[in-house]
Amino acid sequence: MSKRIRIALAGNPNAGKTTLFNAITGARQHVGNYPGITVEKKEGFASSGGRELHLVDLPGTYSLTAYTQEELVARNYLIDERPEAVIGVLNASALERNMYLAVQVLEMGLPMALALNMMDEAAKQGIRIDAARLSEHLGIPVVETVARNGKGVEGLLTQTAAYAEQRAGSWEPLEISYGPDLDPVISEMVERIETEKFLTDRYPSRWLALKYLENDDEIRVVGRKTDKLAEELEAMAAKVAEHCKKTLSTYPEAIIADYRYGYITSLLRDVIVRDTDRQRIDFSDNMDRLLTHKVFGPLGMLGVLFMIYWFTFTVGDYPLGWVENFFAVVGDMVSNGLPDGLLKSLIVSGIIDGAGGVLSFVPLIMIMFLFIAFLEDSGYMARIAYMLDRVFRIFGLHGCSVMPFIVSGGIAGGCAVPGVMAARTLRSPREKLATLLTAPFMTCGAKVPVFILLISVFFPQNQALAMFCITMLGWVSALIVSRILRSTIIRGPSTPFVMELPPYRLPTLRGVMIHTWERTWQYIKKAGTVIVAISIVIWAMMTFPGLPADRLAHFESQREAIHAELAQAQPGSDLAQKLEKRLPLVDNAEGEAALRGSIAGRIGIALEGISSLAGFDWRTNIALVGGVAAKEVIVSTLGTAYSLGEVDTEATQPLAERLAKSPHWSALTAASLMIFILLYAPCFVTVVAIRQEAGGWKWALFSVVFNTGFAFAFSTLVYQGGKLIGLG
Amino acid sequence: MTTTLNIRKLAVGQKAIIKSITAQGELGRRIRDMGLVPGTEIEVTGRAPLKDPVALRMKGFTLSLRNNEADHITVEPVE
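Residue numbers (our numbering), protein chains in the order written: chain A, 96 to 823; chain B, 126 to 204.
Errors might be hidden in some of the hints.
[To be verified] One-sided and incomplete, this derived list gives chain A residues near chain B with beta-carbon spacing under 8 angstroms: (1) S158; (2) G392; (3) P591; (4) F592.
[What the hints assert, rightly or not] Calculated lysine-lysine pairs in the BS3-like style (CA-CA distance at most 27 angstroms, straight line): (5) A:K246 to B:K184; (6) A:K341 to B:K140; (7) A:K389 to B:K140; (8) B:K134 to A:K389; (9) A:K323 to A:K334; (10) B:K144 to A:K334; (11) A:K340 to B:K144; (12) B:K184 to A:K219; (13) A:K389 to B:K184; (14) B:K176 to A:K389; (15) B:K134 to A:K219.
The set of hints was computed from the structure by calculation and includes no laboratory data.
Think of the CB as a built atom: it goes at the ideal place given N, C-alpha and C, for glycine as much as any other residue.
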């Protein structure tokens, strides 16, 4: 019985690591998040030569400095989990830089094999690499691969597994010279570390010394908790830093990086042969000349974004309808199958509608993610960030923030759920948070029906203009609030925009599919459970405590009276028709009374004291409370609250007439309400998505409270201001 | 005689060798992780539509960084 070998895949972003991982593990993989953080954790299984392999795809990093979350995760995995082997995935056409990470892994001492990936691309660029020689220099397996078509993958696995068995888990740290200034202090530190056995059960001693010289925060914190030697090491590092500054006007961290690159250069001197005769025509450079051109670049970008948008919401509309219909049919079946009563109401209104509300987004999300995966894998996403960074930076955001905004409804009709999830492409924590909190200000598809309803009633002359204004208001609010947040509670310098512009590549179908499915499934799983629970709560709030018996009897007797009169009237006569029309009015009156008495109704009435400042009455409040669950609910709840029974969100005419006639309503009220709906608390699915991306309930809760407060302040200002100048 | 310049002053298509990097901390680390170390040859391949960020080609790949980040790097033009 052979033992399972654990192999970690480490490599730079864009080195083809994920493609290789997919090629090795195929469908046998599993995606999750590392505990407590949003960095993706992928694991998969494969077998090679009778050995069972357990592969772990480490997050793509350029280094192991523990500066980003990804780096920390990768580094701690290697140190704490001690995999039997590491495969360093290298992009052969940018070997020098890719070796930087590999050298750091070798310095830790893990058994490592190198995959020289994308050998075909390198060959096209006239780069020849002597893999055998590199293998000889380092004493480790080096295998040429082309992950896209699986070439070399089998050989890589057998060699890695064999090497892992040969090394049998022993760590042999690579020692690089760091020159006359650092080498003495390193040996001194190593000696002290080894005599004191300082953290040596966890970290290799030389590596530890280097981390002290590199000013590694994580190691310093761990060290201080462990032993007094930490102080001594810190003092040694500080002393040599001082010395370097005086004599060389540089610092140890920079020297270490320089020597590492120096080592790599000497390592690769007789390994890489560049074909200088050959005129290198770089396809990506030519593409960039057009795609990031100062005029055509932005135009093309707008075109691409618009096309994605159009495609998602036009084509996505069909499957969206199917899913909605499916749930309607299921709802009807359950409705017909169960007797009237609370249980039926719970299952139909609470559970089926709740689950349906979440799942009906799935097609949209899938299509959106399909495009995002395509843009990311093709390299174009990085260009979008590159082109827009200058503008977004003014507002404390990052070039990568544009996609979440657009998807959330930057062009009216989007959806904040995939929008918020698209913020995953942002690597910078502060900018990402600002994006997550403001993306829900956009005009998402669920807000559109309310806007259309209100605009058609109160701004009939300028419908298109009104819709345009409200969409722009979403953008302006998002940008300004980002700016405010970034200079207050998420203050901090902007994250460096040192970003690789990967070469343009045609993504593999399989890669795009896997990406899309992973994210969609995460959405279904996480949103599904929470949302169904919440929709049950909302249902309960609008159902309980229900009418007292005497009130129920009162409505029942009214109905009986009408039925009695009906029985006497001639069928089809004027009188009978009049009586029949009175029946639903009684039902409506009962519904209204029940709603008024329900928990939601009481909340609505209780809120009236404050909400009247912005011009909202208790009925509107109920709709707004319901709208926190899902904005789609606003129109139908308004309908219910205005005692019109079931109002279909599409056919809003009766409600529209009602609102137009109501003395409570004016164009000013409508404007105030639209602003509030645009800006207040994100719907629950979005809140769950924010929690997931921001990594905690704190920010999700913040988005509910802050956005609502901001919306209310804005609406009140508009309403009161409008009243002052005599509108409404 | 050698002259050192700021990347901001380089024209698109111009090549240069990195002389020194003064960035420290987070930015300094990021810059070096990407392979921007003294002695590296770079070529300015483009600038974003608003002239910022700048795109550099080096060691077989393309890198973009903001002008104010590039200001920490001094270069010596080739030719």
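*Hint by hint, which ones does the structure fall short of?*
Of the numbered hints given earlier, those the structure breaks are 6 and 15, listed in rising order.
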